[in-house]
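With the hints as your guide, set chain P onto chain W.
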Amino acid sequence: MDLIDRYLAAVRRNLPAAKADDIVAELRDDLMTRQEDREESLGRPLSKDETSALLKDFGHPLTVASRYRKHQYLIGPETFPFYLATMRVVLLIVGAVVIVVSIAKALLGGVDAIQAVAQTLSGLWSAVFVNVAIVTAVFAILERKGFPYAHLAKWRPDELPALSQKQPGPWESAFEVAASIGFLLWWTGVIVIPYTAQAPEFRLEPDPIWGPLFWPVLVLAAARLVHNVILWLRPRWTMLRHAIGAATAVGGVALLLIIYQAGHWVTVVATGMPAAEALQLDASLNLALKIAMIVTGVVWTLGCMGALWQMVRASRERA
Amino acid sequence: MPIEEDLFEKLRIELRRGSLVLAVLGALREERYGYTLRQSLEDAGLPIEEGALYPLLRRLEAQGLLTSEWREEAKRNKRFYRLSEDGVGVLAQLLGEWNAISESILRLTERTA
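Residue numbers (the numbering used here), protein chains in the order written: chain W, 12 to 330; chain P, 24 to 136.
Any given hint might turn out to be false.
Below, in silico cross-link-like pairs of lysine-lysine (DSSO-like), each with a Cα-Cα straight-line distance of 30 Å or less [unchecked claim]:
1. K67/W with K81/W
2. K98/P with K59/W
3. K98/P with K301/W
4. K30/W with K156/W
5. K301/W with K101/P
6. K30/W with K101/P
7. K59/W with K101/P
8. K67/W with K98/P
9. K81/W with K101/P
10. K165/W with K67/W
11. K33/P with K67/W
12. K81/W with K165/W
13. K30/W with K81/W
14. K33/P with K81/W
15. K67/W with K30/W
Which residues of chain P face chain W? A partial, calculated answer using Cβ under 7 Å [to be verified]:
16. Y58
17. A67
18. Y77
19. G87
20. K101
Derived from the structure by calculation, the hints contain no laboratory data. C-beta: ideal position from N, C-alpha, C; glycine also.
Just chain P, same shape as in the assembly:
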């Protein structure tokens, strides 16, 4: 049924959107620029909507969770991002929260039969 597929897609996007910040912060424990970051997210099974990544990176940087610098690589200037000190702390807290949510969901959805 197309309506059900639509609904599932909407719920899936909503669910993934919430976890995207966590994925980006996690991936930026290593320094990356936008293009390679998106590739690594895609390789990990978390593709991000085109054009949505850079605004997210800027927001996280403005919030003090990331740092960035322009550097030349492969004959072109690129902006490299990495997790800031504050970002490391926030990532740890978010991961704790993520694990707690995951455990709760597992407990709630576990089949007892």
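So here's chain W without its partners, still in its complex pose:
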């Protein structure tokens, strides 16, 4: 009797409180009837070991109690494929962002290679851990509050990517998205890359031209991020993708033209080096930026023309 009571108390601890009394009463009756049946067939009371075996047969208290719960799993079989697909995309982006930022820090921030690898691995581990937990928690809540099956059932076969449509691989897409996210994080100051760490004798200061361009650059980079995400995850949204592609290409070229016209973009401030040397470095750096802008301008103009052409072609196909 004592063992049965202890067993039922263990079951009760894991039952929904509102139904616990009723469930325990029913289980008690079943166990008592079993015990009596055995005792009758043996012609003697059950020993402690025999009662223990009877309870073991009935099942672990946690297992028995869990069967009375509405949800017996964290994420059900219908939700699981969407959970897995989301997890894959999130982890690819997170992994790529950590790697991109670490490479940028290693190249520009004066962090040595071993230190960079160690930081990347540690960053990767905590980022993966946190994101797995967040995605799992979101899906577990959706599973309980109602997963939007009705919305997902509305998918259209004609939205699946065409076989002829060239799609970049998942890592390529993830790195493109990660590069955009990395840039946005840097531009907004969320992550700081100490690009002067290896040069204690001077520091770089952005020229006033960049101040008014903060928002235009931010919007352009965010639009580019949306474009890359669509290209990866919703390749059949061609009109929207081409429209954003063309708009960002035109915007990019226009912005580049405004920036180019400033003629001077960063200033080298001497903090130890001779002023003449600083001036020379300033001139070389700005010349390099000028050349980079010309090359970028040509590439972007071609890209802009290509994006506009694709948009025209897509709208013709649709018509």
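Frame of chain W; chain P shown alone:
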């Protein structure tokens, strides 16, 4: 081979699990309480896993297929279950489905040689 036996056991349990609701509904055309219900299932060759029967009964009751009441019998309070009116209808439909499946399987597995 132990792996094959394992696999067979898994498939067998899966197959039986699907038919358990039908067996429980069928057995509860007569009023029974949990212990006697499990015995009758066992006698009929369909033993149910210990501890799994009562949650199943509660689920079927919540779905409106069973009714239950607490009553004293043999000096102890017991919860008796029986098929509800809705349960009778659903059982008939499920039996029809069961027979159709059985016939289909027989047709598919019949040896023509």
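Minimum beta-carbon distance criterion (7 Å), G87/P to chain W = violated (16 Å)
Given the hinted pair K67/W and K98/P, is their alpha-carbon gap at most 30 Å?
-> holds (26 Å)
Restraint check for K30/W with K81/W, where alpha carbons must lie at most 30 Å apart | holds (12 Å)
Hint check: is the beta carbon of A67/P less than 7 Å from a beta carbon of chain W?
-> Status violated, d = 18 Å.
Restraint status (C-alpha distance of K81/W to K101/P at most 30 Å) | Judged against 30 Å, a Cα distance of about 24 Å means the pair holds.
Is it true that the CA of K30/W sits at most 30 Å from the CA of K101/P?
-> holds (16 Å)
Would you mind confirming whether the straight-line C-alpha gap from K165/W to K67/W stays at or under 30 Å?
-> The hint is violated at about 48 Å.
Hey, K98/P versus K59/W, does the alpha-carbon distance stay inside 30 Å?
-> At roughly 24 Å apart (the allowed maximum being 30 Å), K59/W and K98/P satisfy the hint.
Is K30/W within 30 Å of K156/W, Cα to Cα?
-> With a Cα-Cα distance of about 22 Å, the restraint between K30/W and K156/W holds, given a limit of 30 Å.
Take the C-alpha atoms of K67/W and K30/W, compute the straight-line distance between them, and say whether it is at most 30 Å.
-> The given pair, whose Cα atoms are some 23 Å apart, holds under the 30 Å limit.
Starting from K301/W, check that the Cα of K101/P is at most 30 Å away, please.
-> violated (89 Å)
Going straight from one Cα to the other, do K98/P and K301/W come out at no more than 30 Å?
-> Not OK: K98/P and K301/W at ~97 Å, beyond 30 Å, violated.
When held up to the earlier numbered hints, the structure conflicts with 3, 5, 10, 17, 19 and fits the remainder.
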